[in-house]
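Visitor: Chains as they are written, first to last, in my numbering: chain F, 1 to 623; chain C, 1 to 175.
Rather than coming from a laboratory, the hints here were simulated on the basis of the structure.
Cut-off 30 angstroms, straight-line C-alpha distance, at most; resulting in silico cross-link-like pairs (DSBU-like, lysine-lysine):
no., chain 1, residue 1, chain 2, residue 2
1, C, Lys3, F, Lys328
2, C, Lys150, C, Lys40
3, F, Lys588, C, Lys129
4, C, Lys104, F, Lys527
5, F, Lys527, C, Lys129
Partial pick of chain C residues on the chain F-facing surface, computed with a CB cut under 7 angstroms:
no., residue
6, Leu6
7, Pro9
8, Leu24
Every residue, glycine too, gets a C-beta built ideally from N, C-alpha and C.
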Amino acid sequence: MISLIGFSGLILSFIFNVIVIVSYYYKINQRFNHIFYLALYCSLFFMCLSFFALMFAYISSDFSNFNVFQNSHSSKPLLYKITGTWGNHEGSMLLWLLIMSLYNVFFSFNITLEDHVRKLTIVFQSFLYLCFSLFVILTSNPFLVNSIDSNEGLGLNPILQDPALAIHPPVLYIGYVGFSLILSLALAGLILNQLDNLWIQVIKRWAMFCWLMLTGGIALGSYWAYYELGWGGWWFWDPVENVSLMPWITGLALVHSLMITKQEQLLKRWVVFLSILCFSLSILGTFLVRSGILTSVHSFAADASRGIFILILFLTITGFSFIIFILKSPHSNKQINLLFINKTSALIINNIVMLIACITILLGTIYPIIIEVLTNKRMSVGAPYYNSTVLPILLPGFLIMSIAPMLSWQSNKLDKIKNYIYILIVISILTLLITYLTKFNIWGFTGTILGLWIIAASLLSILHNCLKYKFKKFFIYNNALIAHMGVGIMIIGITFSSIFQTKNNFTIQTGEIVNSGQYSLQLKNLKIEEKNNFQELLGIFLLHKKNEFLTTIKSSKRYYYVSKVITTEAGIYHDWFQDFYLVLGNEKNNKWSITIYHNPLVSFIWIGVMIMIFSGMVGIFKR
Amino acid sequence: MNKIFLFVPLILVMLISIFCLVFLLQGKDPSKPPSALLYKNLPDFDIINLFDDADVISNKDLKGRIMLINFFASWCSPCKVEHPLFFEIKKKYPNILLIGIDYKDKQEEAINYLNTMGNPYDYVGMDNKGLIGLELGVFGLPETFIVNSKGIITYKHLGPLTKKIITNEFAPFIQ
Chain F
1 MISLIGFSGL ILSFIFNVIV IVSYYYKINQ RFNHIFYLAL YCSLFFMCLS FFALMFAYIS
61 SDFSNFNVFQ NSHSSKPLLY KITGTWGNHE GSMLLWLLIM SLYNVFFSFN ITLEDHVRKL
121 TIVFQSFLYL CFSLFVILTS NPFLVNSIDS NEGLGLNPIL QDPALAIHPP VLYIGYVGFS
181 LILSLALAGL ILNQLDNLWI QVIKRWAMFC WLMLTGGIAL GSYWAYYELG WGGWWFWDPV
241 ENVSLMPWIT GLALVHSLMI TKQEQLLKRW VVFLSILCFS LSILGTFLVR SGILTSVHSF
301 AADASRGIFI LILFLTITGF SFIIFILKSP HSNKQINLLF INKTSALIIN NIVMLIACIT
361 ILLGTIYPII IEVLTNKRMS VGAPYYNSTV LPILLPGFLI MSIAPMLSWQ SNKLDKIKNY
421 IYILIVISIL TLLITYLTKF NIWGFTGTIL GLWIIAASLL SILHNCLKYK FKKFFIYNNA
481 LIAHMGVGIM IIGITFSSIF QTKNNFTIQT GEIVNSGQYS LQLKNLKIEE KNNFQELLGI
541 FLLHKKNEFL TTIKSSKRYY YVSKVITTEA GIYHDWFQDF YLVLGNEKNN KWSITIYHNP
601 LVSFIWIGVM IMIFSGMVGI FKR
Chain C
1 MNKIFLFVPL ILVMLISIFC LVFLLQGKDP SKPPSALLYK NLPDFDIINL FDDADVISNK
61 DLKGRIMLIN FFASWCSPCK VEHPLFFEIK KKYPNILLIG IDYKDKQEEA INYLNTMGNP
121 YDYVGMDNKG LIGLELGVFG LPETFIVNSK GIITYKHLGP LTKKIITNEF APFIQ
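Turn these sequences into a full structure, and let the hints steer you where they fit.
Guide: Right, here's the structure in full:
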């Protein structure tokens, strides 16, 4: 019954989107104008109905629905029943549609753009919606009826039963899918030849919002990986991480380019290209993940027909967009001279760096496919490739970021350069001394110094601005600089946590104490707890630092009955400067093996991301 | 000159799509992971008869006939889907030896399962600890192996069988 309601909602929402497109072409009189918007709102209403029907089926453990049967279990806690709605391929595609529809309706409230541009954008967005809802209806219907009569489900993948991961997909999708609106806006602007200031102002806000959400989603995902996978790290160059990183990088380039387009009225072609690229990479990523071509921690049930369908979508949407781009591409009469030493050139060079990094990641991600097609051998590209290619590519970008604050927007003059140079030199010497006296590592040194340069240059620039404008409109002048400080902090966090991470293995028995660095760890006791849908082996440890009691750490292993899977829950003691990270291993002769990681400055990564998100939020709302 | 650059993204999109399409059409999906055991000898193992704990045979005793080894379990729902197909295989190719291995399952539930669904197998072995599965590198259920008369694994399929797979892919190996 509930499945029927859900499926009807899906179909009705499809039909109403067709009405939106049809009524656009018969825009003769005012009545059709009403129908246009009414159909748009109706489609959102029925989409919501469909989505909440599926959610209700999950909450009520309605195993007559095949999707619920495959992915849920009656003993699951309510929260994970709800989040189970999007914890699988079909449900997540439904969420995808809901978000597309939401974007379309929220965008229709926009009053800045001229009426015909807005309408054409809505039409394109509806068209994209139709493409993806066809995909859901034909290949990934979440409302299939279960042919087996069962009063119990098969359970959700246990590592997905986690609060951070429960909200990670929606946040990520709001960003990832949001780029569809950016594409629609770009196409509408191109076709109507209306890439004017208003258009830039509007697309800038939406692009910023999508990019922020994507940032938040990726950060949540890596935070989850950090404490749930128990591998001591937070980024693994997993194919799925890569496919979310690619639109993130192009989105970043887009947000930055939009900033100069406003200043310079140049680069419109480039902005449109990036707008198309963002959503193209989103679809390509979806294809790579959902077709099962690449295997990763995010395993979805693979199905070749789905793969071919998304590939066709990718080819149609991207191909169409790029053809429009070729035909209607705006001409710029002014040439850009990259030899000018000003902010514009710095931004353009950084854009190029970002694009190269993105292409490098793309190459690494699809390389196994190319090789297998050509030579019939299976191989995989892992972290070493990305670490040795992407990171060096990003270095010049970071270097430019650190000198950018001393450049001016329009002129070729350098502003108050002496102050900057002094500070950068002092920092360099200090860092060199400190690293030389402790553990010298060329990568560690480079990362630290770049991070510090970016922070120092941004701070100094903020100071200059404050002196000049006396704190008036503080955020208007300094917002970008604050974001850059966040980046600097993040770079330092990334450098330290990846290069100066230490890992030690111990065996320990109850009551015993092991020493690791400044810390000493005592195993207080081990107990087995029976939870609703899993059994937990919980190790309770006492952590001391220099004989001073700090905290109790719980590290555990869980055994999920239904899916018969064991997961590790790392025990983490967060300190501002160092995370103490503990993983419980196996037992041998009453002794337990444990792995202790010291992860320095991991908190800086999350702080940096939060600063970036905060400053992005300010960027959306500031006038 | 400038115009040419505009075509670059389109060409790249085309290239990527072509490679992915070829990949998909070649049927190289992960349900056929490369098996280290393919074209190698079947490892030796002992199996306990599901219906009689005292009856233990080794797969060495079974050499000389083409074998189809199917891993199944009562808790596995795709297994239920492919189950009726084994009766058809049995009917169509009466000379092959059909071996079912009950994987990580409870004995009484497996017996119950075969009683209700019917038993197409010539011999049903028990692997409640998953040890035989480990020997053969079983990824997930159901999984099917074909072993030729010389004891060499010639074919492996992960996931439920379909009529199409049986007519298109099985035929060369079991005739």
